[in-house]
Amino acid sequence: MMKRSLATILSILVLVVGLAPVADADTPAQIKARMAKRLGQIVALKQKGSVGENNLGYLSPRGALSGSESAMVNAENADRRSVYQIIAGKTNSSATTVGKTRAASIRSSAPGGTWVQLPDGSWKKV
1 MMKRSLATIL
11 SILVLVVGLA
21 PVADADTPAQ
31 IKARMAKRLG
41 QIVALKQKGS
51 VGENNLGYLS
61 PRGALSGSES
71 AMVNAENADR
81 RSVYQIIAGK
91 TNSSATTVGK
101 TRAASIRSSA
111 PGGTWVQLPD
121 GSWKKV
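Here our numbering is used: the first residue of the sequence shown is 1, the next is one more, and so on.
Please note: incorrect hints may appear among the correct ones.
Cut-off 25 Å, straight-line C-alpha distance, at most; resulting in silico cross-link-like pairs (DSS-like, lysine-lysine) [to be verified]:
| # | residue 1 | residue 2 |
| --- | --- | --- |
| 1 | 46 | 32 |
| 2 | 46 | 90 |
| 3 | 37 | 48 |
| 4 | 124 | 100 |
| 5 | 100 | 125 |
| 6 | 100 | 90 |
| 7 | 37 | 100 |
Bear in mind the hints are in silico, worked out from the structure with no lab data behind them.
The task is simple: from the sequences and hints, build the whole structure.
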C-alpha cells in the first residue's frame with residue numbers, strides 16, 4: 001500500500017514538474033506585446049550606434065550600455081530567441097537557421113546608420 005502511494009505521488013510529481021515549463025511559456029501574443037513596447041527604445045539604441053544587429057538575428061552591444069539598456073537588450077534577445085524557437089518548431093527548422101534568415105532580412109532593410117554584422121563576422125554601418 002505504501003509503495004503504491006509513493007509511486008502515485010512520484011508519478012504526479014514528475015507530471016507536474018514536466019508540465020511546469022509549458023504552463024509558464026509565454027504565448028506569441030505576450031512576446032509580441034513586449035517586443036512592441038520596447039521597439040522605440042531599441043530603435044533609439046540602434047540610431048545612437050549603441051547596439052547593432054548581429055548575423056544570428058540578435059542585438060549586440062556596439063558600445064557601453066547602462067544597466068537598464070543592457071537589461072532591455074537581454075530581454076529583447078530572449079524574446080527573439082523564443083520567437084525563433086516557435087517558428088523553427090512550425091517549419092521543422094532550427095532556431096539558429098531562423099535567426100540567420102531573420103538577420104539577413106534585417107540587414108537588407110535596416111535604415112541608414114544601423115550597425116549590422118555580415119555573414120563573415122565583420123561589421124558595417126549601412
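A quick look at each hint next to the structure:
Of the supplied pair hints, the one linking residue 46 and residue 32 holds, its CA atoms being roughly 19 Å apart against a limit of 25 Å. Annotation: proposed proximity of residue 46 to residue 90 is violated, straight-line Cα distance about 30 Å (limit 25 Å). Among the hinted pairs, residue 37 with residue 48 is consistent with the structure: their alpha-carbon atoms are about 19 Å apart, no more than 25 Å. Restraint check: the Cα-Cα separation between residue 124 and residue 100 comes to about 17 Å, which is no more than 25 Å; the hinted pair holds.
Distance check on the hinted pair: residue 100 and residue 125 sit about 18 Å apart at the alpha-carbon level, within 25 Å; holds. For a cut-off of 25 Å, the pair hint linking residue 100 to residue 90 stands: about 16 Å separates their Cα positions. Taken as a hint, the residue 37 and residue 100 pair is honoured in the structure, with Cα atoms around 24 Å apart against an allowance of 25 Å.
When each numbered hint is compared with the structure, a violation occurs for hint 2 only.
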